[in-house]
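J.: Once you've looked at the hints, dock chain B against the given chain A.
If you read the sequences in order, they're chains A and B.
At position 61 of the first sequence (counting the first as 1) the number is 61 in this note's numbering, and the numbers step up by one without a gap.
At position 11 of the second sequence (counting the first as 1) the number is 11 in this note's numbering, and the numbers step up by one without a gap.
Treat the hints with care, as some may be off.
Dumping the calculated DSBU-like pairs for lysine-lysine here, alpha-carbon to alpha-carbon at most 30 Å [claimed, not checked]: (1) B:Lys-69 with A:Lys-103; (2) A:Lys-103 with A:Lys-82; (3) B:Lys-100 with A:Lys-82; (4) B:Lys-100 with B:Lys-69; (5) A:Lys-3 with B:Lys-69; (6) B:Lys-100 with A:Lys-62; (7) A:Lys-82 with A:Lys-69; (8) A:Lys-82 with B:Lys-49.
These are calculated hints, taken from the structure and not from any lab test.
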Amino acid sequence: DMKVTQMPRYLIKRMGENVLLECGQDMSHETMYWYRQDPGLGLQLIYISYDVDSNSEGDIPKGYRVSRKKREHFSLILDSAKTNQTSVYFCASSLRGEVFFGKGTRLTVV
Amino acid sequence: AQSVTQPDARVTVSEGASLQLRCKYSYFGTPYLFWYVQYPRQGLQLLLKYYPGDPVVQGVNGFEAEFSKSNSSFHLRKASVHWSDWAVYFCAVPAGSFNKLTFGAGTRLAVCP
Chain A
1 DMKVTQMPRY
11 LIKRMGENVL
21 LECGQDMSHE
31 TMYWYRQDPG
41 LGLQLIYISY
51 DVDSNSEGDI
61 PKGYRVSRKK
71 REHFSLILDS
81 AKTNQTSVYF
91 CASSLRGEVF
101 FGKGTRLTVV
Chain B
1 AQSVTQPDAR
11 VTVSEGASLQ
21 LRCKYSYFGT
31 PYLFWYVQYP
41 RQGLQLLLKY
51 YPGDPVVQGV
61 NGFEAEFSKS
71 NSSFHLRKAS
81 VHWSDWAVYF
91 CAVPAGSFNK
101 LTFGAGTRLA
111 VCP
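One chain only, chain A, in its complex shape (with noise of 0.2 Å):
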């Protein structure tokens, strides 16, 4: 069963503390993503890693970072979270245009 895993799928933080949202798949695509869901903007892409240690930045990308050190494994780095980073992040991966989501990780910072 195709599967993109995302942990934890809720999280809260304090202002300023660092974040880590980890994310697998089991289907050894190379191309994988990070989204933020927000209501009534739909989906914003964060970043987009086409492979290990291969990342570019996506429409969004300041105030995040990631990391790539396998294939199956993308995480999204928040330092020194911020209250406007409260939302919904979504970890997908893709092969030949479809993309996987994970179920998403529902963040709130304070």
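T.: For chain B alone, kept in the frame of chain A given last:
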């Protein structure tokens, strides 16, 4: 720039009624187009995809969509809506590369008994 617009933020239909969710695209050339569905507390799932060819494409669960170059549209349809179709529907188009999709803001579908 490549983009999609979903003009209806929310649509309400009665169970058993027909459905059309609208999507307008902006794209240089003939695009690939996608519809995704997001059920409550889930990630997005592919509903159907259009690659240049037959303008009507079939998806899962009785959904279909029709591509129109003259109208720059890719509307989603279903003949008879079921309560389990209650979800948010997103239209998407590749932006710059096939691996990078731009999503519309989504249309929230509510189904009344």
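J.: Does each hint hold? Answer for all of them.
T.: Going through the hints against the structure:
With a C-alpha separation of about 34 Å, the suggested pair Lys-69 (chain B) and Lys-103 (chain A) falls outside the 30 Å cut-off, and the hint is violated. For the hint pairing Lys-103 (chain A) with Lys-82 (chain A), the CA-to-CA distance comes to about 23 Å; that is within 30 Å, so the pair holds. With a CA separation close to 26 Å, the supplied pair Lys-100 (chain B) and Lys-82 (chain A) stays within the 30 Å bound. Restraint check: the Cα-Cα separation between Lys-100 (chain B) and Lys-69 (chain B) comes to about 21 Å, which is no more than 30 Å; the hinted pair holds.
Between Lys-3 (chain A) and Lys-69 (chain B) the alpha-carbon distance is near 35 Å, which puts this suggested pair outside the 30 Å criterion. Note on Lys-100 (chain B) and Lys-62 (chain A): the hinted pairing holds, with a Cα-Cα distance of about 18 Å set against a maximum of 30 Å. At most 30 Å may separate the alpha-carbon atoms for a hinted pair to count; Lys-82 (chain A) and Lys-69 (chain A) meet this at roughly 26 Å. At roughly 37 Å between alpha-carbon atoms, Lys-82 (chain A) and Lys-49 (chain B) are farther apart than 30 Å, so this suggested pair is violated.
Violated hints, listed in ascending order, are 1, 5, 8; each of the other numbered hints is respected by the structure.
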